[in-house]
Amino acid sequence: MKYMLMMHAPKEGWTTAGIGTWPPQDIQAHIAFMLDFNRKLQASGEFVDAQGLAGPEEAKSVRARKDGTPDTDGPFAESKEFLAGFWILDVEDSARAYQIAAQISAAPGKGGVPLNMPIEIRQVMSAPPAEL
Amino acid sequence: MATGFEHLLRELAPQVLGAMMRRFGDFAAAEDAVQEALLAAALQWPSDGVPDNPRGWLIHVAARRMTDQLRSDFARRQREAFLFLYDVGGEAVEPAAEEAEQDDTLILLFMCCHPALTTSSAIALTLRAIGGLGTGEIASAFLVPEATMAQRISRAKQSIRNSGVPFELPGEDERSARLTAVLHVLYLIFNEGHTSSNGAELHRTELCDEAIRLVRTLHGQLPREAEIAGLLALMLLTHARRDARTDAGGGLVPLAQQDRSRWDHDAIAEGIALISATLPRGAVGPYQLQAAIAAVHDEATSAEDTDWPQIHALYGVLMRLSDNPVIALNRAVATAMVHGPRAGLAELDALAADARLAGHHRLDAVRAHLLERAGEREAAIACYLAAAGRTASEPERNYLATQAARLGESQARPGATPMSIPTPPVRRHR
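Same order as they appear, the protein sequences are chains A and B.
Going by this note's numbering, the first sequence opens with residue 1404, and the numbers climb by one from there.
Going by this note's numbering, the second sequence opens with residue 1077, and the numbers climb by one from there.
Derived from the structure by calculation, the hints contain no laboratory data.
Some clues are possibly wrong.
Per label pair, the in silico range of CB-to-CB distance [said to hold, decoys possible]:
#, chain 1, residue 1, chain 2, residue 2, range
1, B, Met1395, A, Arg1468, 51 to 61 Å
2, A, Glu1481, B, Arg1396, 55 to 65 Å
3, A, Gln1431, B, Phe1081, 48 to 58 Å
4, A, Gln1431, B, Gly1296, 58 to 68 Å
5, A, Arg1442, B, Pro1191, 27 to 37 Å
6, B, Met1395, A, Ala1462, 34 to 44 Å
7, A, Ser1497, B, Ser1123, 46 to 56 Å
8, A, Leu1486, B, Gly1325, 26 to 36 Å
Not close to chain A: a few residues of chain B, all C-beta gaps over 12 Å, as computed [claimed, not checked]:
#, residue
9, Gly1125
10, Ala1345
11, Leu1355
Covered stretches of chain B (chain A as the covering partner; in silico rule of three or more C-beta atoms under 8 Å from a C-beta of chain A) [as the list claims (entries may be wrong)]:
#, region
12, 1219–1227
13, 1461–1474
The C-beta atom is built at its ideal place from N, Cα and C for all residues, glycine as well.
Start from the sequences and build out the full structure, keeping to the hints where you can.
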């Protein structure tokens, strides 16, 4: 079963308490944790994809104008959270997906304290359909 | 044009041969396969154009030829599977007698489907070691990166080595449980392939073919095991409907609306003969009963001719053998066909208390269908939408959402009559 795990970070404090405000060794520890974590997922045969997203400062929302040309809007100062990155994993069951999400959630932050970030989990539509 | 094309083939031929050698190790057979691939290119490319990735195209065709050839050469493939699983490398293996080789396949199957492995690992290892599929093919069938699948297979091999399971058939005491595990893995491989929804259609049909081939091999070696025969019949009778199961746009076509002339009638005849010969022998199990139900569907010349009382009775027996609530859900459909939608809905109400079905989209989907048949359109729409929101299958979600939309449209038109069987959406006239 495939799941998408989305890591949301609070936008407020991105500049006042975000990763850029941590001591360098804490940033290093956080990055090392994530790299090591992905290596473990690759080794366990569960890894499908993982990407980190660029910061929300340049985020844009696009709609088509009547003539089909892009109408760009943003960035959006008012949104409370932003998507910082995601994983797509192929795991045995939902319990395993929750277990992995909890480990990501506890990634080390400032001073090595677990961040306990919220990780949103959604099943990827890949189940075989039932005979109707 | 023609010269550039020939030059390309000459340049690619050794690369493709190298790839075949790395993958299969048999020089003579690899060379034959590459020659066939080059011939196929010479025949097809002038009319179809040179593919975007000509090297990949040639490797794919050559690998298919190799696989076909290996399949026809049973004994060699078994030795290769053995070598693969135990990493014996180039060590010479004593050519075994025919019987011993057949046992080897069986032992390999029991090992690859060992209960110590997760089901996804067992599936991957079975396809690689016994099915002879390449890691890349398995990865693309399951839509994961090749590196991930390679890792999964390598870990599975490791677990088997670490578990210390001897290379021999399981003893009498555990044989039945181990056979159940083998059949479950083969059933899951078939189920994974039994959807043409996800892009990699070719590979998914291959999974069905591979599962059928493996169960057929198993049945050939253990012909007295009724559940093996039952599973083979079930797969044949289900796979026979594959072409009618989706429309041109990839949408799901429910059983009642399938064009039965598109069913594979040879496969149906084989499946029916097999299950008819197996059932009277006693020791009835869940796969045989599911095959019997599939046979009743496949025998009907039209949806209206389906012998629903018999299907209802078979589900009753199945429920006594298995505690799976999805079976009870399916029986509620049969109840509705025999005793009317209200009787089916009453069975669903009793089932709704089962915690295992809480939030299960099939409960809502079946309820929606029966509510529609009972003429309760508003409630049916709500249940179709609830089911659409819960399924993890994209074609099924599209189907369920379309059912809700179709009912909504027929409701908006004054004088529209409730439809008992799902029909295509009616265009609203303004």
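Query - Violations among the numbered hints, reported as their numbers in ascending order - result: 6
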